[in-house]
Amino acid sequence: MTEGLPPTSPADATPPPVTPPAPGPDRSETDGNAPPPSPDRSAAERWTAGVEAATAADAQRRADNAAETEPILKVTGLKKHFPIIGGFLRRQIGTVYAVDGVDFEVQRGETFALVGESGCGKTTLGRSLLRLTEPTAGTVIFGGRDISTLTQEELRPVRRRMQIIFQDPFGSLNPRMPVSDIIGEGLLAQGMKDRKQRDKKVEDSLEVVGLRRDYTRRYPHEFSGGQRQRIGIARALALDPEFVVCDEPVSALDVSIQSQVLNLLVDLRRDFNLTYLFISHNLSVIQYFSDRVAVMYLGKIAEVGTVEQLYQNARHPYTVALLSAIPEADPRRKKKRLVLKGDVPSPAAPPSGCRFHTRCWLREKLGNPERCVTEEPQLRVLESGHQSACHFAEDVSDRTVSQVVQTQDVIDTAVAADVTA
Amino acid sequence: MTATSDRPVLGAAPSTDILLDVRNLRTVFHVMDGDVPAVDGVSFQLRPGRSIGIVGESGSGKSVTALTVMRLLDIPPAEVMPGSEIWFDGRELLRMPMNEMRKIRGNDIAMIFQEPLTSLNPVFTIGDQIAEQVALHLKVKQKEAWERAIESLKLVGIPSPERRAKQYPHEMSGGMRQRVMIAMALSCEPKLLIADEPTTALDVTIQAQILELLKSIQERTDSALMLITHDLGVIAEMVEDVVVMYAGQVVETGTVDQVLLEPRDPYTMGLIESIPTVDKRGGRLSVIKGTVPSPFNLPPACRFEPRCPYAWDLCRKTAPDLFETDHAGQHARCHLHTAAGVGRREQALEAHEQAMTVGRDLGGHG
Chain A
21 MTEGLPPTSP ADATPPPVTP PAPGPDRSET DGNAPPPSPD RSAAERWTAG VEAATAADAQ
81 RRADNAAETE PILKVTGLKK HFPIIGGFLR RQIGTVYAVD GVDFEVQRGE TFALVGESGC
141 GKTTLGRSLL RLTEPTAGTV IFGGRDISTL TQEELRPVRR RMQIIFQDPF GSLNPRMPVS
201 DIIGEGLLAQ GMKDRKQRDK KVEDSLEVVG LRRDYTRRYP HEFSGGQRQR IGIARALALD
261 PEFVVCDEPV SALDVSIQSQ VLNLLVDLRR DFNLTYLFIS HNLSVIQYFS DRVAVMYLGK
321 IAEVGTVEQL YQNARHPYTV ALLSAIPEAD PRRKKKRLVL KGDVPSPAAP PSGCRFHTRC
381 WLREKLGNPE RCVTEEPQLR VLESGHQSAC HFAEDVSDRT VSQVVQTQDV IDTAVAADVT
441 A
Chain B
256 MTATSDRPVL GAAPSTDILL DVRNLRTVFH VMDGDVPAVD GVSFQLRPGR SIGIVGESGS
316 GKSVTALTVM RLLDIPPAEV MPGSEIWFDG RELLRMPMNE MRKIRGNDIA MIFQEPLTSL
376 NPVFTIGDQI AEQVALHLKV KQKEAWERAI ESLKLVGIPS PERRAKQYPH EMSGGMRQRV
436 MIAMALSCEP KLLIADEPTT ALDVTIQAQI LELLKSIQER TDSALMLITH DLGVIAEMVE
496 DVVVMYAGQV VETGTVDQVL LEPRDPYTMG LIESIPTVDK RGGRLSVIKG TVPSPFNLPP
556 ACRFEPRCPY AWDLCRKTAP DLFETDHAGQ HARCHLHTAA GVGRREQALE AHEQAMTVGR
616 DLGGHG
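So the protein lines, in turn, are chains A and B. Counting in my numbering, the first sequence runs from 21 upward without gaps. Counting in my numbering, the second sequence runs from 256 upward without gaps.
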């Protein structure tokens, strides 16, 4: 149950109970156009009333809730390869290894972050989990059930429980649909045929994200970027999911709007007991927001750990470089940067062995061991919950990093990259 | 739009140790719905070899400021209002004939744009594009210009420049293209380099490469840098002085340490408070409520007043000037720093301090 819940809420007694949500106390203040905060209870009541339609699914869900210790999501060997079609006969001439063998678990109630640069496969991975793109191989076990083999029809009730918030608030809302249809479409697909009931649910979810209830007849162009992202969040929440993939939910927003949306996500996580898979390239946002982090590089996970483990004690040379690359808004922490060579290799032709070996500063320092080129490192456990896919993870320390940084020259760094190109 | 006279009286030229002196710059866009005062009374100075950062959210007027300095805006719809002056190296740019401006542009002032793909011509090789500009500005032969192009590609760390110079923009990655843009900008050894969000479109490890490159090249060539960005992290690492813009106005100026560590304008304070950091983990991020005002409907007095947590009656009646703060050289556009703000100022600063460390009180992650 959630902490923000009024203790004797009548919503608790409603026969088919979902976790009755109480909107965060001051969420609506975060938006200039938000309505005056309404009493918590009425919003919660309205909310529960709207979801009665899916009673059966909720029973299943309560059973799942009982198994708290089970991870909500377990991904094994997930791969997504895209064919490159070309040439005279339009045949497949190559493969993009967007996601290439990824294993991880997400515990119920935690926020699991995926971080990496563009092209590392983090978005594809997020979409494959929901089967918005069909994975090439691997299993996804969600709530104890393997969803990678389900048919589209079997998948429908599962989809209600896992939702996604998209990155681009301008591209992800159909400009020809009013808000009521944008949010209501999912409800309709889930069998909520009654228009009135649906509209009410739409209004409720708008209120939960701090927008006005009477916005339902408006179109996306009437909203600012931050408000659109709220609509995207409302759409995901309308179905009352347990698990939400947040695909770069704040990267398209200005800094001051970004914090509004982040606060909203934090409140919703608390109020609805949500589990997030948070995809981002912004390491400061991840550090603030998540519990555990997986660093991706070229379709594979390089390192997994808690935020503390990763940010204070990174054990993969790529993570170290990534962390060192973030510019910090604190001039006191002027650090000498560890600059990586060259660009990320193409995922259509990933390097052999360790995929990071072409840019790896540690390999260079260790005298270019052959092992990095010939043998692919597997994720291995270093300490409780901390895994790294580096043959020489034990050699990553503050001392080695500072030694490398001392001798680095930016211009040479870039020139050296051509040897491998 | 009160045209004072056809030939407004110019102020005196700045002293020679000021490279760029922007005075009361006002740029208005005349569009269908009315007039947009994109830049409204912006003034700042830049010394040779120094670096200045212009920060602001989208729509704050930071890019228009740069484009006005370069005189790259289409007039109309844009209009630079009378009374605006831009002094560069002892000459006034706004009243300069276009053919002379062209000699300065690219030669003495060069600009790097945000999107390296759209700012390069897709049908010419990058070598041709750099050589063209070198031949034009430095009046050298074609062959010499080509050699110079290769040299500048080498300078920005592009591997095998002879081969790369014969390639087209689409054959390069985003980071490489941005290097080409920098090479082009530097090929004529400008006195001032304007970089408009040079790394926004790039990944974080590539951004690190480009920023380090800009820094080392600026040191080597001793050119002045005007860096425009919304990223306070980039500002912290790259520049010495900062100008913060909001709704077309300068709201705070100072050294990078002053502005980022001890901000004095409520907008800057709010902006810095809203950045997620370790110290705030577990606590709520403070937010700047509402959104940037529409340029057609600006608040009557202080433009930040509707969103300001510290505003009072005075802020709705009188527009604040840039007042000197308790730090020498740091200015903020806020009544808190006048006699009327005594008492409130201390409260505001305390609230800011608290917002910066919300997570710490909770003992980290909650």
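Just so you know, the hints here were simulated from the structure itself, not pulled from any lab data. Quick caveat: nothing in here was measured; it's all calculated off a predicted structure. All C-beta atoms, glycine included, are put in the ideal place defined by N, C-alpha and C. Any given hint might turn out to be false.
Which chain B residues face chain A? A few, computed with CB under 8 Å, are given here [as the list claims (entries may be wrong)]:
#1 N279
#2 R281
#3 V286
#4 T455
#5 D458
#6 E492
#7 L516
#8 E517
#9 S549
#10 N552
#11 L553
How the hints compare with the structure:
Proximity of B/N279 to chain A is violated relative to the hint, the smallest CB-CB distance being about 27 Å (cut-off 8 Å). At its closest, the beta carbon of B/R281 sits 24 Å from a beta carbon of chain A; the interface hint therefore is violated under the 8 Å criterion. The closest approach between the C-beta of B/V286 and any C-beta of chain A is roughly 17 Å, which is over the 8 Å cut-off, so the hint fails. Taking 8 Å as the C-beta cut-off, the interface hint given for B/T455 is violated, the closest approach to chain A being about 11 Å.
For B/D458, the interface hint holds, the least distance from its beta-carbon to any beta-carbon of chain A being 4 Å, beneath 8 Å. Interface restraint check for B/E492: the shortest CB-CB distance to chain A comes to about 5 Å, inside 8 Å, so the restraint holds. Residue-level restraint check for B/L516 holds (minimum Cβ-Cβ distance to chain A is 7 Å; threshold 8 Å). At about 11 Å, the closest approach between the beta carbon of B/E517 and any beta carbon in chain A exceeds 8 Å, and the interface hint on this residue is violated.
With a cut of 8 Å, the hint placing B/S549 at the interface with chain A is violated, because the nearest CB-to-CB distance is about 10 Å. Nearest Cβ of chain A to the Cβ of B/N552: about 13 Å, over the 8 Å cut. The hint is violated. Below 8 Å, beta-carbon pairs count as interface contacts, and B/L553 has none with chain A, the closest being about 15 Å; its hint is therefore violated.
Hint compliance for this structure: hints 1, 2, 3, 4, 8, 9, 10 and 11 are not met, and every other hint is.
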